[in-house]
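Chains as they are written, first to last, in the working numbering: chain X, 1 to 129; chain E, 130 to 509.
Note that these hints are calculated values from the structure, not bench results.
Pairs of lysine to any residue, SDA-like flavour, derived with a Cα cap of 20 Å:
hint : chain 1 : residue 1 : chain 2 : residue 2
1    : E       : LYS221    : X       : LEU67
2    : E       : LYS221    : X       : GLN53
3    : E       : LYS221    : X       : ASP49
4    : E       : LYS221    : X       : ARG52
5    : E       : LYS221    : X       : ALA27
6    : E       : LYS221    : X       : GLN48
7    : E       : LYS148    : X       : HIS54
8    : E       : LYS221    : X       : ARG41
9    : E       : LYS221    : X       : THR66
10   : E       : LYS148    : X       : SER7
Covered stretches of chain E, as calculated for chain X (at least 3 residues, CB under 8 Å):
hint : region
11   : 195–208
12   : 217–230
Ideal Cβ positions, reconstructed from N, Cα and C, are used throughout, including at glycine.
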Amino acid sequence: MRVFIASPLYAYTGGRGEVESTGATVAEVLTDLDRRFPGIRRRIVDEQDRVRQHMRIYVGTEPAATLDQPIPEGQEVHILQSLSGGTATPRPASRQAGPQATAGSSFLIQSLPVTTPRQCRVPHLHFIS
Amino acid sequence: MAGPKRSKRRTLLMIGTRKGAFFFHGDPARRAWRLDGPHLLGCIVHHLVLDPRDSRTMLMATRTGHLGPVVMRSTDRGRTWTESTQPPAFAKAPEGQTGRAVDHTFWLSPGLPSQPGVWWAGTSPHGLFRSQDGGVTWSGIEGFNRDLVARIGTIGQDTPDGAVTHSILVDPRDPAHLYVGLSGGGSFESLDGGASWRALNQGVAATFLPDKDPEIGQDPHIMALHPLKPDRLYQQNHCGIYRLDRPGDVWTRVGMNMPKTVGDIGFPLVLHPRDPDTLWVIPMDGTTVWPRTSPGGKPAVYRSRNAGKSWERQAAGLPTRDAWLTIKRQAFDDDGGEPLGLYFGTTSGEIWMSTDEGKRWRCLARHLPEIYSVQAASLG
Chain X
1 MRVFIASPLY AYTGGRGEVE STGATVAEVL TDLDRRFPGI RRRIVDEQDR
51 VRQHMRIYVG TEPAATLDQP IPEGQEVHIL QSLSGGTATP RPASRQAGPQ
101 ATAGSSFLIQ SLPVTTPRQC RVPHLHFIS
Chain E
130 MAGPKRSKRR TLLMIGTRKG AFFFHGDPAR RAWRLDGPHL LGCIVHHLVL
180 DPRDSRTMLM ATRTGHLGPV VMRSTDRGRT WTESTQPPAF AKAPEGQTGR
230 AVDHTFWLSP GLPSQPGVWW AGTSPHGLFR SQDGGVTWSG IEGFNRDLVA
280 RIGTIGQDTP DGAVTHSILV DPRDPAHLYV GLSGGGSFES LDGGASWRAL
330 NQGVAATFLP DKDPEIGQDP HIMALHPLKP DRLYQQNHCG IYRLDRPGDV
380 WTRVGMNMPK TVGDIGFPLV LHPRDPDTLW VIPMDGTTVW PRTSPGGKPA
430 VYRSRNAGKS WERQAAGLPT RDAWLTIKRQ AFDDDGGEPL GLYFGTTSGE
480 IWMSTDEGKR WRCLARHLPE IYSVQAASLG
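Chain X with its partners taken away, still in its complex shape:
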C-alpha cells in the first residue's frame, strides 16, 4: 500500500513523502515502516502505543481510532501532523471542523482541526509555530 509521510519524517525516508508498506492494521504498517526506516515509529507513537498528541494517522480519508484499525485492501495510509500557527492560505470555512482560520491567525494546537487528506492532498503541508 501507499503511505504518505509528513515532511518532518523525511529524515527517515530519505526525503520521500510517499513510501510503500505492508500490513493488515495500522500497528502492522507502523512496525513495517520502522523496519524499513529505523526510528520512525517512536516519533509517531509513544512507548504506551498511543499516537502522539500532535500526530494523526488516517486510513483513506478517515482518522484511525486505534492502532488495531484494519486497513482495507487498496487503501492508502496518511501520517499527518496537526497544524499550528495559522495558515498561509485560508481554507474555506465550510471545510473546517474547528475554528475558522484566516491568514496569519494563531490558534492553540488543541483547538485546530487536522487537515484531512481530502482537504490537503499534500500531506506534508503544515506550518510550525
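Knowing the structure of chain X, use the given hints to seat chain E on it.
Leaving out everything else, chain E in the frame of chain X:
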C-alpha cells in the same frame, strides 16, 4: 567546566535553542568567535552537552513540536549526528493501566571518568535514565521512575512546561552516590546508584504549598556540587538560594544575604571550578505572577566569594535599563579558563559573555532563537 590554564586553549560554546543548535568557536584570547550552525534547524534542543571524558562525544536532547523525543549523538564534536537506537522511554504499562510517556529529555549528565560510556538523562515528566554505551541505548531507573515518582504524586505535574528532572549529580568519589533535582518535587539523594532515594529538602522553603515545611514537594530550579569539594552543594530554588555542606542534611538559605530589592529568585547558577566558595547567580523577578525577567529591567549577575555570606553585583557592560531578560536554568556556564569565562543565553536569543569572572560583560550574539541551554568547554 574544569580545565587547565587558557594559553593556547580554544573555547567552544554549545547553544541549544528552540529552533536548533549553534556552536561558537572562540580563539585562545576569547575575542574572535566563529559561528557554526544552525544544526538540526527547527528542532527543540533542550540540552546539548560535550563529554568531558573525550572532548569529542556530544549528546543532544531534542524533539520537534510534533514528533516524539530523541537523543542525538555525535562523535565528531557536533559535525554529524545519529539518533539513539533506544532513547529514554518508560516501561510499557500492563494491559488496562495508563502508562507514562516521555514528553522530552530535559537534562543530560555524563558519568565519571572511571565509567566511560555512562550517561544519565532526566526527563519530563519526571524520569531518570541511564546509558552505558555513550547514549546509544537508555534504560529506566525503576527505583526512581516507579517508586520515587509514586511518592511525589501529582505535585508539580501540571506546571506550564511540565515537571522536569534535572541536576543529575554524580559524586566524583563514588559513582553510586547520586543527587537529583525535581521541579515540583525536591532534591533527592541515592547511595545505591538510583535503586532507592531519600529526600534532601530540610531547610528549603515551599511557600507555594499548604504545608510550608514538607518533606518533599520543594522546587529546586538547579543544583550543583563542587568538583573539588563534593560535600558542598548549592541550589537555586523557587524559594531562594541555598547551600548544603554534607554530611549535614539542612540547607541554609544564603540568598537571604542578597539585596532585598533584587531578591534571590532565579534559575541558573554557576560554581567557580577552582574555588568552592565562589558562585554566580542571575536573579529574576519572582514576584506576583512571576515575570521571570531581570528585576526592574536591569539585568545583573551576582557573585559571592564566601559561599553566599555576601554578594556583589556584576553588571558592567550589561544593559542598564529596559532589558527584560530571561535566562533558563541550563543557559549559564563557565569555560574553566583562567581567568574564568562566563556565558549566558537569553530567551530573546542573546549570548552575553565575560572573560574576567564577571567584572565586565559583552554581547557575543543576538537574534538567535530562544536559548534553552549554554555549555562552554575549553579545548586543547
